[in-house]
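Asks: Listed below, chain by chain, are the residues.
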Amino acid sequence: MERNMNLERQIERLKELKTQLYQKDFLLTWEKSEDELKMVLEVAAILKNMREQNISSKVFDSGLAISIFRDNSTRTRFSYASAANLLGLKVQDLDEKKSQIAHGETVRETANMISFLSDFIGIRDDMFLGEGHKYMLEVGAALDDGYKQGVLPVRPGIVNLQCDQDHPTQSMADLLHLKQHFGSLEALRGKKIVMSWAYSPSYGKPLSVPQGIITLMSRFGMDVELAYPEGYELIPEIVDIARRNTKESDGSFHISHSMEEAVKDADIVYPKSWAPFHIMQQRTKLLQQGDSKGLDELEKACLAENAKFKDWEYNEEKMQLTKNQDALYMHCLPADITDVSCAAGEVSKGVFEKYRIPTYVEAGFKPYIIAAMMFTNRFENAPGVLKKILERDTKRVNF
Amino acid sequence: MERNMNLERQIERLKELKTQLYQKDFLLTWEKSEDELKMVLEVAAILKNMREQNISSKVFDSGLAISIFRDNSTRTRFSYASAANLLGLKVQDLDEKKSQIAHGETVRETANMISFLSDFIGIRDDMFLGEGHKYMLEVGAALDDGYKQGVLPVRPGIVNLQCDQDHPTQSMADLLHLKQHFGSLEALRGKKIVMSWAYSPSYGKPLSVPQGIITLMSRFGMDVELAYPEGYELIPEIVDIARRNTKESDGSFHISHSMEEAVKDADIVYPKSWAPFHIMQQRTKLLQQGDSKGLDELEKACLAENAKFKDWEYNEEKMQLTKNQDALYMHCLPADITDVSCAAGEVSKGVFEKYRIPTYVEAGFKPYIIAAMMFTNRFENAPGVLKKILERDTKRVNF
Amino acid sequence: MERNMNLERQIERLKELKTQLYQKDFLLTWEKSEDELKMVLEVAAILKNMREQNISSKVFDSGLAISIFRDNSTRTRFSYASAANLLGLKVQDLDEKKSQIAHGETVRETANMISFLSDFIGIRDDMFLGEGHKYMLEVGAALDDGYKQGVLPVRPGIVNLQCDQDHPTQSMADLLHLKQHFGSLEALRGKKIVMSWAYSPSYGKPLSVPQGIITLMSRFGMDVELAYPEGYELIPEIVDIARRNTKESDGSFHISHSMEEAVKDADIVYPKSWAPFHIMQQRTKLLQQGDSKGLDELEKACLAENAKFKDWEYNEEKMQLTKNQDALYMHCLPADITDVSCAAGEVSKGVFEKYRIPTYVEAGFKPYIIAAMMFTNRFENAPGVLKKILERDTKRVNF
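Protein chains in written order, with numbering that gives the first Met the number 0: chain P, 0 to 398; chain S, 0 to 398; chain D, 0 to 398.
Calculated directly from the structure, the hints in this document are not laboratory data. Being a predicted model, the structure only gives us computed values, none of them experimental. Treat the hints with care, since some could be wrong.
Copies of the same chain look alike in the list, so a pair counts if it works inside one copy or between any two.
[What the hints assert, rightly or not] Here are the simulated BS3-like cross-link-like pairs (lysine-lysine), alpha carbons at most 27 Å apart as the crow flies:
(1) K292 / K96
(2) K204 / K353
(3) K57 / K246
(4) K348 / K322
(5) K299 / K284
(6) K353 / K147
(7) K387 / K57
(8) K14 / K394
(9) K348 / K133
(10) K263 / K246
(11) K263 / K204
(12) K147 / K348
(13) K322 / K353
Full structure from sequences and hints, please.
Replies: Shown next, in the form of structure tokens:
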């Protein structure tokens with residue numbers, strides 16, 4: 000009962016937020032206002048709270064949530080399935096290999112064909128620089144058209160499950176983790192977060208996680224430090240967004256080229272491998288040309304280049320340099336853990352083990368973040384609907 | 000409120016129809032009476048209407064709808080998933096590659112093994128002439144046996160999602176589109192519909208769409224014209240059905256060998272590629288023998304033959320010949336569109352663009368046609384159940 | 000009404016059973032007490048009874064049931080999907096090929112990542128001797144840890160869908176079949192059941208079915224005879240369990256090396272191929288080493304060895320030797336049927352045909368056994384919840 004009063008208060012506080020999330024796709028966090036980001040965070044926390052109290056938040060009696068995964072996924076796939084199921088939707092995966100799409104069907108057409116009874120489309124498209132976000136916009140325009148023309152009874156909302164620019168379901172889950180860890184968004188002000196490149200035996204990892212982290216964390220007055228070996232740049236325009244954000248939020252933004260330097264006095268460290276921007280550009284071109292020999296050569300050259308930076312491992316020594324020798328370690332998982340998943344990786348076994356459970360907790364927010372994105376897209380008066388859910392008091396497990 | 004009175008009236012009118020759809024598979028439209036076809040059309044329209052008014056038509060609290068796709072599919076797969084979800088069923092796909100069926104398990108056995116808690120089985124099997132329909136009958140007989148013997152608690156209904164002979168979920172969706180476009184089935188009387196072969200850079204497309212169209216549209220007093228280059232015959236027995244139908248319905252049936260001639264004064268044109276009947280027979284044999292060299296040679300020969308008929312493109316010139324220069328263009332999608340999906344195809348870019356949205360609307364009826372086939376299979380008193388759904392007034396989106 | 004009184008009585012009788020199934024994984028039948036086995040059997044029978052009377056036993060409003068199939072499956076896949084759906088859960092399959100798990104992610108991590116909103120994990124892992132059961136324990140330990148650490152809101156229950164040691168959903172379904180066929184568990188006392196190796200043109204079939212059968216049927220005072228050609232041993236420790244069981248239950252246990260001798264006066268025969276234990280050990284090693292040449296050679300040698308025992312076919316002659324020439328024939332399906340699925344197999348066409356329908360009935364219990372395992376894992380007071388379901392009286396098909 001007392002906990003439900005907490006829920007009531009949580010819901011009540013939402014009313015202070017001015018948002019225009021209703022019927023808007025969630026593609027890039029930097030297109031959303033601070034209030035909108037807060038709304039998604041809070042709704043996610045409320046839905047999680049409800050789930051843990053066995054309160055069903057099912058709001059759809061039927062309906063499909065389409066998923067389009069143009070790259071492998073476990074965590075996000077399960078998070079999306081969990082979110083859809085939580086709200087009462089059924090996931091229908093568009094497996095482009097089993098479809099008839101191959102022979103030149105337009106995105107415009109496919110987007111409509113799969114949407115007649117759909118409420119959401121979740122898309123992961125992170126392989127090609129310059130493509131993923133563009134594709135989502137194209138799908139969105141097709142859905143707008145279909146809805147306007149009376150083809151679709153509702154305009155399905157799009158949830159970006161990772162594109163070439165941003166990975167908002169990840170960064171928002173990460174932010175909710177920070178909020179709960181440090182107590183509030185306000186508490187993040189002045190905290191130092193280091194988004195650092197780290198060595199990995201593989202190459203070609205997307206840029207969207209580091210880009211998502213620096214552009215989002217810079218909204219809340221944090222001191223954001225981006226560290227990478229020279230040459231491992233992110234997309235410059237997106238780094239600029241992060242820089243601008245810190246100015247507006249009274250935080251700071253720095254780029255450095257030493258993990259050791261960067262982690263000094265850090266409150267939070269996020270060591271993760273990625274491929275250099277210019278390599279991703281070449282890789283995109285080779286992938287589009289289907290040039291497998293070129294890709295092999297590029298991979299070889301990159302791995303050789305990477306190998307020069309094996310000391311970019313986050314380990315006990317570096318941890319000692321952080322605030323109270325205990326900066327919160329974050330990762331989107333799976334991490335390349337030295338002596339666990341590889342001989343030399345992003346993080347030492349000991350450090351990972353110390354923060355293993357927190358990284359699991361971090362990952363556990365993602366289903367609710369996705370559900371909150373869906374919820375706020377669909378209900379103009381999200382607080383009102385949450386209140387009704389609370390009053391209805393349907394149990395998730397019935398007995 | 001007024002719209003619900005419309006719904007009530009729509010439901011009320013169903014009572015005039017004499018049907019025996021209850022517990023009967025929906026395999027071929029020509030096995031169904033005119034009243035039965037009307038019932039499926041009307042129930043589909045009512046379910047669509049309900050969905051658009053946010054009225055949940057969920058009638059199953061649990062239960063599986065099995066799908067067996069022996070050929071690729073996007074539209075039909077999503078339509079089937081949507082239909083099942085609309086009524087409260089969960090799609091379970093029988094992926095024959097992931098199953099143990101390979102080593103000689105009989106259809107008889109598999110049909111029962113997947114049906115213990117199933118309400119429907121949707122089957123697409125259109126690759127082999129002489130096989131698809133036969134397979135569905137075999138599954139049906141196995142289910143009859145299992146039900147009679149007490150193995151199955153209910154006899155799952157079979158929905159033909161495309162076989163070698165017919166594609167009833169497509170043709171019925173097309174018919175519902177025509178009904179709504181022209182205002183009534185009665186308004187179709189005397190209208191000229193042209194089912195025309197059209198050039199495509201691929202070959203081996205199934206015959207079931209043109210066969211489905213001519214056999215169904217011939218039931219409603221239309222002037223049906225079937226046009227194709229000499230040699231591109233459909234299955235003769237099925238063409239005979241269409242011919243017989245037009246006699247009985249006071250329409251007419253003609254075969255011609257020029258798209259230009261055929262489309263003159265047409266009210267509706269359906270230009271679509273298919274493989275010649277005799278080629279499909281050869282192809283079936285080669286596929287069954289696994290003769291990939293033979294298949295390659297056949298493909299080459301066919302494509303060369305096809306290439307002689309590149310002028311069988313439906314374009315602006317031909318459109319000018321139709322009734323009011325504006326015959327309704329139809330296609331089951333995806334169409335081979337010249338300069339969009341290929342260099343030369345079934346339809347010119349301009350014409351397709353003009354009728355693009357109507358083809359999307361056309362496709363949008365399929366989920367409801369499938370749902371209506373399920374609904375009428377399961378409920379002997381379909382109008383009564385629809386009335387109860389209306390009275391119950393559960394919202395699809397709850398708040 | 001009278002039938003519901005039967006249901007009430009069935010539920011009432013459950014209260015006599017002392018069980019600790021609540022929140023315990025169902026991995027091996029020999030870890031469960033006799034009362035626990037009876038509880039699962041009875042709950043399965045009740046759920047089946049309810050389903051057949053159109054009573055919905057949905058207890059979850061939302062929630063996921065994960066499946067991990069490390070080997071092909073049709074029957075068990077559909078049974079698991081049916082069970083989950085019956086209780087209101089949505090199956091989410093972890094397709095290890097589409098996931099990011101490949102690069103060294105730990106079981107510990109994956110188990111948590113897929114479980115944030117999951118209620119059950121069903122696992123089939125029967126390819127490697129010494130691996131399947133171990134893997135399930137590892138997943139279980141990871142879930143325990145995640146739950147204890149607050150990562151998971153509930154501890155998902157694990158259902159063994161076949162491991163290297165046991166196949167409890169199969170053997171329990173088989174036992175329920177025997178119970179219903181002979182009238183009661185008590186009636187099985189003194190009945191002779193023969194688990195016999197049989198010839199098959201394939202090799203490498205898992206040991207878990209015969210092991211599951213002898214360890215379970217030996218609990219109920221049956222005379223268990225295990226027959227196989229010399230060299231086709233099962234795992235010795237597991238055979239010992241069966242031997243011990245018969246002593247405790249006042250049954251008997253024998254091993255013989257002639258199908259003909261074994262089936263004499265049998266009440267029940269279960270002829271099924273399996274690979275010899277020592278071959279499975281070699282095979283496991285070769286599979287783990289990815290030694291495809293070695294595997295080919297082993298297969299060749301084994302098939303040659305197998306071929307010496309083509310007379311291990313259960314046929315009319317052997318059937319004549321059984322009790323009243325009519326022992327109940329059992330099989331987990333699909334069987335290798337001579338002249339149906341192969342030239343020479345486990346059972347003759349005539350005998351299989353005679354008992355075909357009973358084998359389907361046998362298979363039909365599996366979905367309910369799985370549902371009962373889930374149900375008793377989740378509800379401490381299973382009889383109480385079943386009673387509430389009966390009182391609630393929600394229809395599965397609503398109208």
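Asks: Reference check for the pair K353 and K147, CA-CA at most 27 Å: within, between, both, or neither?
Replies: between (53 Å within a copy, 16 Å between copies)
Asks: Which holds for K322 with K353 at a C-alpha limit of 27 Å: within a copy, between copies, both or neither?
Replies: Close inside one copy (16 Å), not across copies (65 Å); limit 27 Å.
Asks: Cα distance capped at 27 Å. Does K14 pair with K394 within a copy, between copies, both, or neither?
Replies: both (25 Å within a copy, 25 Å between copies)
Asks: Tell me, please, which holds for K57 and K246 at an alpha-carbon limit of 27 Å: within, between, both or neither?
Replies: neither (41 Å within a copy, 53 Å between copies)
Asks: Checking K299 and K284: alpha-carbon separation at most 27 Å within a copy, between copies, both or neither?
Replies: Cα proximity of K299 and K284: one copy only (17 Å, versus 32 Å across).
Asks: When no copy is specified for K348 and K322, does a C-alpha distance of 27 Å or less occur within a copy, between copies, both, or neither?
Replies: within (20 Å within a copy, 64 Å between copies)
Asks: Up to 27 Å between alpha-carbons, please classify K147 paired with K348: within, between, both or neither.
Replies: between (54 Å within a copy, 22 Å between copies)
Asks: Within a copy, between copies, both or neither: which one fits K292 and K96 at a CA-CA cutoff of 27 Å?
Replies: Close inside one copy (24 Å) and across copies (24 Å); limit 27 Å.
Asks: Between K263 and K246, at a C-alpha cutoff of 27 Å, which is it: within one copy, between copies, both, or neither?
Replies: Answer is within; shortest intra-copy Cα gap is 22 Å, inter-copy 69 Å.
Asks: When Cα atoms must be at most 27 Å apart, do K204 and K353 count as within-copy, between-copy, both, or neither?
Replies: For K204 and K353, the Cα distance is within 27 Å only inside one copy (25 Å; across copies 43 Å).
Asks: Could you place K387 and K57 in one of the four classes (within, between, both, neither) given a Cα distance threshold of 27 Å?
Replies: The answer is both: 11 Å in one copy and 22 Å across copies each meet 27 Å.
Asks: I want to check one pair: K263 and K204. Are their C-alpha atoms no more than 27 Å apart within a copy, between two copies, both, or neither?
Replies: Close inside one copy (26 Å), not across copies (58 Å); limit 27 Å.
In summary, the structure is inconsistent with hint 3 from the numbered list given earlier, while agreeing with all the others.
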